[in-house]
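Based on these hints, arrange chain H on the given structure of chain L.
If you read the sequences in order, they're chains L and H. When you number the first sequence by my numbering, it's gap-free, plus one each residue, and the end is 485. When you number the second sequence by my numbering, it's gap-free, plus one each residue, and the end is 462.
Just to be clear, a hint being listed does not mean it is correct.
Rough simulated footprint, nothing fancy, chain L against chain H, three-plus residues with beta-carbon under 8 Å [what the hints assert, rightly or not]:
(1) 128–138
(2) 314–325
(3) 334–348
No lab work stands behind these hints: they were computed from the structure. Virtual Cβ for every residue (Gly too), placed ideally from N, Cα, C.
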Amino acid sequence: MNKPIRTISIFCLLLFVALLLNATYLMYFRADELAADAKNRRIITAAFARERGAILVGKEPVARSVPSDDQYEFQRTYPQPLKYAPITGYFSYYSQTGIERSQNDVLSGDDSRLFVNRLVDMLSNTEPEGGNVELTINPAAQTAAFDGLQALPGAKGAVVALEPGTGKVLAMASTPTFDPNALASHDLGDVAAEAERLADDPNTPLINRAISTTLPPGSTFKLVTAAAAIESGDYDKDSLVPGGPTFQLPLSSTEVGNWQGGSCGASKITLTQALAVSCNVSFLSLANDLGIEAMTEQAEAFGFNSTSLEDLPGQARSLYPPDMDQAQTALSGIGQSSVTATPLQMAMVAAGIANDGEVMQPYLVDRVRAPNASLLDQTEPSTYSEAVSSSTADELTEMMVTTVDSGTAGAAAIEGVRVAGKTGTAQSTDDRPPYAWFVSFAPADDPQVAVAVMVEASETARDEIAGGALGGPIAKAVMEAVIAP
Amino acid sequence: MSQTGALMGFVHRRRRGAELFLLLLALLVGVGAYAAVGLGVEGTIPANVIGYGGWLTALVVAAHVAVRLVAPYADPVLLPLVAALNGLGLAVIHRIDLAEQESTFARQQLTWMTLGVVLFVATLFALRDHRSLQRFTYTSGLAGIVLLILPFLPLIGTTINGASIWIRLGPFSFQPGEVAKVLLVIAFSGYLVQHRDALALAGRRILFVDLPRGRDLGPILAMFTISMMILVLQNDLGSSLLFFGLFLVMLYVATERPGWLLVGGLLFVAGALAAYTFVGNVKNRFNFWLNPMDYYDASPGSGQLVEAMFGMGWGGLIGRGFGEGMPERVPYAESDFIVAAIGEELGLTAVMAVILCYGLIVERALRIALISRDGFGKLLAVGLGSVVALQVFVVIGGVTGLIPLTGLTTPFLSYGGSSLVANWVIVALLMRISDHARRPVPRMTPVDPEPDSETTQVVKLR
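Pulled out of the complex, with its shape left as it was, chain L reads as follows:
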């Protein structure tokens, strides 16, 4: 019987070799793939317990980890939770958003730029520490933006402020907001309940409206139309354009009037005047004349139909559909029809005009530092696009200054500073109030800040809703916070 016993021995050997090979495959070669699986709570639990780096605004942390004495070693805390929630996002056991998500590698210490630190940690057998992320946010501007939105009762809205010359995001506020501390809690039952409550809230507090909500930009889009007009070479700020009370849409019997049914003055007005009084008739006519191609080209040059911000997840694309018919194209000239924009997009339009026509790539992460505070990386400003020529930008700036000085955007006027601005009040459906928009930048001669304010809804009476009334004071406060230190 020895021959079959030897055969069986070889068979058993093969069985054990198969076990050894498979264990090696699973535990060594597949380890990375398994670690990357979203379902792998071990990795998350380990990350949750680890000392995570801080997110800093100036020298102040807006997110940091403090030692904890429960089952996890560190607790993530947000000292100014409501104001910064749209930027920091939250770091919960179940998911991460905002900077917590986009900069997770740095904050957790896994980033390749922290390799040397990790090596030292491993050799000294200490838990790896995360690096710190410094934001471009100007705390005074952020406070002004947040307080401005909070001051409007029941406001759903957002504010974005950019530094025109660099693309730095100086402020980004969104209301209603949420408390990320509640989601970072170690009581996972509470976290799940809070997450469910927030997800079910009809006011969608988890949405960062500054980058994720797209709405018709209304009259603020007239800046794009005006830019396209001047870029075409056929117009300048003093060109005469149609005014009057109504414009008949091409291939249609529909007549579109001006805001609250008024006239724009004479039947021919200058482009500057058309922008200052936000004359719908003029811009419907301009968009109709320029045509879909020129309009699309100009809108895309400002960043429509694509995304630009890489530091935050969830940026929605602002749309200028290139396949609209003639009537829709005309309507798009006043920011209606199928045109939609995020507050960030409209801030980029203002910042592009402010920066001599050059739109800078917006960014939120200024510097990345190792746990020992040594600088690992600094974001260099980069050009996103050349939206308009320098001369076009100058003319647009002058027109916007006139709009503030003697037009609809007077609410943003600042004593002793030349401010450029544009209001917008976008029609939505009849059963809900219009959206109030406001874009501006200042000082007009040496722009330091460009702002877009969007108020989607508030408890303001319907007939009092106008971009200037709701958004103007907020934009003014933000600009003042930046230029008057």
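Using the frame of chain L, we list chain H on its own:
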């Protein structure tokens, strides 16, 4: 056979000193692991490590002394391997107890280990010659089948996690399959040693393969039926594979005819395919095996397997260290999935060490079979060795995703009284056979009948 002759002339040394030395190393593994668990989880070496270590040492020394007294020529490597695995298992179970905070599996397991060692010693003392077991061929076969049927009985049978392989008597639950395993090996050995000639020599040759006669297919069909009953009625692919594979291996060794393997293998594949089609549990297990990630959240689902894979992947080459992993994330980490817990906290290195320990146990068992001088002893040793090999393959293969998962215990490591006790008895039987095989032959007289039939001349009549 000339080699057997040479072996018969060779006098084995007792090597009890070597066994004692290896046992000390094994104790180092067990007690060291226990201390490491305390250090890793609670930050200090547990206060009771002296008492615990003393108890473990007492058990191991008792087993060793018993071997010295009644089986002095027994294999010196088996007992240390078993002691090391059992000690490591205790430490890992203790680790999971600490994570779960309420369970006291380790304490119970130590009690079961004590009972296992007592039975090991008792078996060695009571059974002075393994050949006397041959008298109980049919008795143990019947007892084994009765034990397998017990879980179906209304009052005492219990279904745990979809497999009806348990019986419950008052506060005790018990897996009769583990004991049936030993009894059936004894029964197969006795039966096959008697009928091997008929099974081996009658039959016809079809396409280069010697196929057995139809009427000799009786026992293989009977065993096939029992295996399929286990599969279908108990929802237990693992036990089914274990019993049928065991029977096939023994049949093949007894008859030296690979045709049995072919017939049996085909039968099993056909049966398994039928089971896959008609038994929901088996089909689920297959799907979980092929696409574990897709069924992570399903119920029943592959969550347990996926968690185990995550844990082992996280452990990597050298593991997280005792106390640094999260083995409690895997349900039943202390029993079916103990290898996953070892992989997570001690790494691939320890998993390989464990697999190699099992490999050595199987190797020692098959070596005992090779040098054994009687057919019954050979078959018994092959059977016991194959049971360990198949069970280890099915369990570790299942946990690491090599084959579909089945609920079997990992011998000596897993928490579970029936399994631990039965495996200690298996080791005692192997020790008894090896003592017999390695013992110098009292009188080398040529008149002794040659026990191995390979040298017997058989004339084939047609």
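Each hint, compared with the structure:
1. Counting residues of the segment 128–138 of chain H whose beta-carbon sits less than 8 Å from any beta-carbon of chain L gives 0, not enough to reach three: the coverage restraint is violated.
2. Residues of the segment 314–325 of chain H with a Cβ under 8 Å from some Cβ of chain L number 5, which satisfies the need for three, so the listed coverage holds.
3. Counting residues of the segment 334–348 of chain H whose C-beta lies closer than 8 Å to any C-beta of chain L gives 3; at least three are required, and the coverage claim holds.
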